[in-house]
Amino acid sequence: MTEVTTNKELPRVRPAADILQENEAFYILMDMPGVKPDDLVISADKNTLTVEADTSYEHADNERFIENEFGNVHYVRKFTLSDAVDANNIKANLKNGLLNLHLPKAEELKPRKIEIQQD
Amino acid sequence: MVLDFTSLYDFPRNIEQMFDEFWHPVNLSQRRLAYPPLNISEDDSNIYIRAELPGMNIEDIDVTLSDESLIIKGERKAEPGRYFRQERPTGSFQRIVNLNVKIERDKVNARMKDGLLQITLPKAEEVKPKQISIETA
Numbered sequence: 037m038t039e040v041t042t043n044k045e046l047p048r049v050r051p052a053a054d055i056l057q058e059n060e061a062f063y064i065l066m067d068m069p070g071v072k073p074d075d076l077v078i079s080a081d082k083n084t085l086t087v088e089a090d091t092s093y094e095h096a097d098n099e100r101f102i103e104n105e106f107g108n109v110h111y112v113r114k115f116t117l118s119d120a121v122d123a124n125n126i127k128a129n130l131k132n133g134l135l136n137l138h139l140p141k142a143e144e145l146k147p148r149k150i151e152i153q154q155d
Numbered sequence: 041m042v043l044d045f046t047s048l049y050d051f052p053r054n055i056e057q058m059f060d061e062f063w064h065p066v067n068l069s070q071r072r073l074a075y076p077p078l079n080i081s082e083d084d085s086n087i088y089i090r091a092e093l094p095g096m097n098i099e100d101i102d103v104t105l106s107d108e109s110l111i112i113k114g115e116r117k118a119e120p121g122r123y124f125r126q127e128r129p130t131g132s133f134q135r136i137v138n139l140n141v142k143i144e145r146d147k148v149n150a151r152m153k154d155g156l157l158q159i160t161l162p163k164a165e166e167v168k169p170k171q172i173s174i175e176t177a
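Taken in sequence, the protein lines are chains A and B.
To convert, count from 1 in the first sequence and add 36; that's the working numbering.
To convert, count from 1 in the second sequence and add 40; that's the working numbering.
Derived by calculation from the structure, the hints in this document are not laboratory data.
A hint or two may mislead.
Said to hold, decoys possible - Pairs of lysine to any residue residues, derived as SDA-like cross-links and limited to a Cα-Cα distance of at most 25 angstroms, are as follows: (1) B:153 to B:116; (2) A:131 to B:131; (3) A:127 to A:92; (4) B:117 to A:129; (5) A:127 to B:127; (6) A:127 to A:101; (7) B:113 to A:127; (8) B:113 to A:101.
Please model the complete structure; the sequences and the hints are all you need to start from.
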């Protein structure tokens with residue numbers, strides 16, 4: 037609808053996220069349609085994880101729009117990391133517009149099997 | 041005598057801007073009512089339908105072209121696991137787009153990239169605009 041020239045003018049959108057827990061790790065799934073893997077910026081400092089990306093939808097100049105329900109946006113989302121997460125080993129995978137963040141639990145918080153000793 | 045209407049001329053534009061801002065949140069809430077959000081456009085030879093469907097494979101989406109409409113159907117399944125937070129929508133969805141022009145049914149093409157479904161529907165030869173050359177006498 038509106039011609040956007042600079043990234044600063046893109047509407048900021050907070051992408052929907054699911055947070056799941058497994059024994060060894062936490063997972064964050066985020067809907068980020070229209071984002072190319074190269075445009076994704078993920079940064080983690082002491083206790084904040086920030087995910088940012090611009091979408092890159094394109095259309096020809098001679099297209100006439102009849103219905104327009106989505107457009108280019110700037111996705112931003114911040115998460116607070118607890119001590120339970122090993123921030124140095126966070127992995128990210130973007131496929132089909134779905135971002136999958138894998139946050140392993142800190143070593144000392146992983147469930148541990150306790151050997152039972154028999155006399 | 042010079043009449044300066046500058047501030048007055050700006051007035052309707054301000055009102056317009058106010059209305060734009062006023063309508064903006066309505067657009068956003070309407071957008072949530074229908075899933076998936078669609079963009080529909082056309083040029084002289086094609087109709088383009090685009091939909092945001094992140095995290096879905098093309099095999100899980102059913103696109104049907106009937107006589108007068110195009111139907112996009114599918115189901116978003118939740119990942120099994122222990123959820124702390126669940127914001128991503130799940131469940132079945134369907135959207136119907138009415139087509140009021142004839143389509144070359146054999147040449148319809150659908151592809152998926154970065155969570156964007158793009159369907160290209162070529163218009164039938166008889167509805168394409170034709171240039172008529174005018175002969176000069």
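Verification of the supplied hints:
{"no.": "1", "hint": "B:153 to B:116", "result": "17 angstroms, holds"}
{"no.": "2", "hint": "A:131 to B:131", "result": "20 angstroms, holds"}
{"no.": "3", "hint": "A:127 to A:92", "result": "23 angstroms, holds"}
{"no.": "4", "hint": "B:117 to A:129", "result": "19 angstroms, holds"}
{"no.": "5", "hint": "A:127 to B:127", "result": "21 angstroms, holds"}
{"no.": "6", "hint": "A:127 to A:101", "result": "39 angstroms, violated"}
{"no.": "7", "hint": "B:113 to A:127", "result": "32 angstroms, violated"}
{"no.": "8", "hint": "B:113 to A:101", "result": "22 angstroms, holds"}
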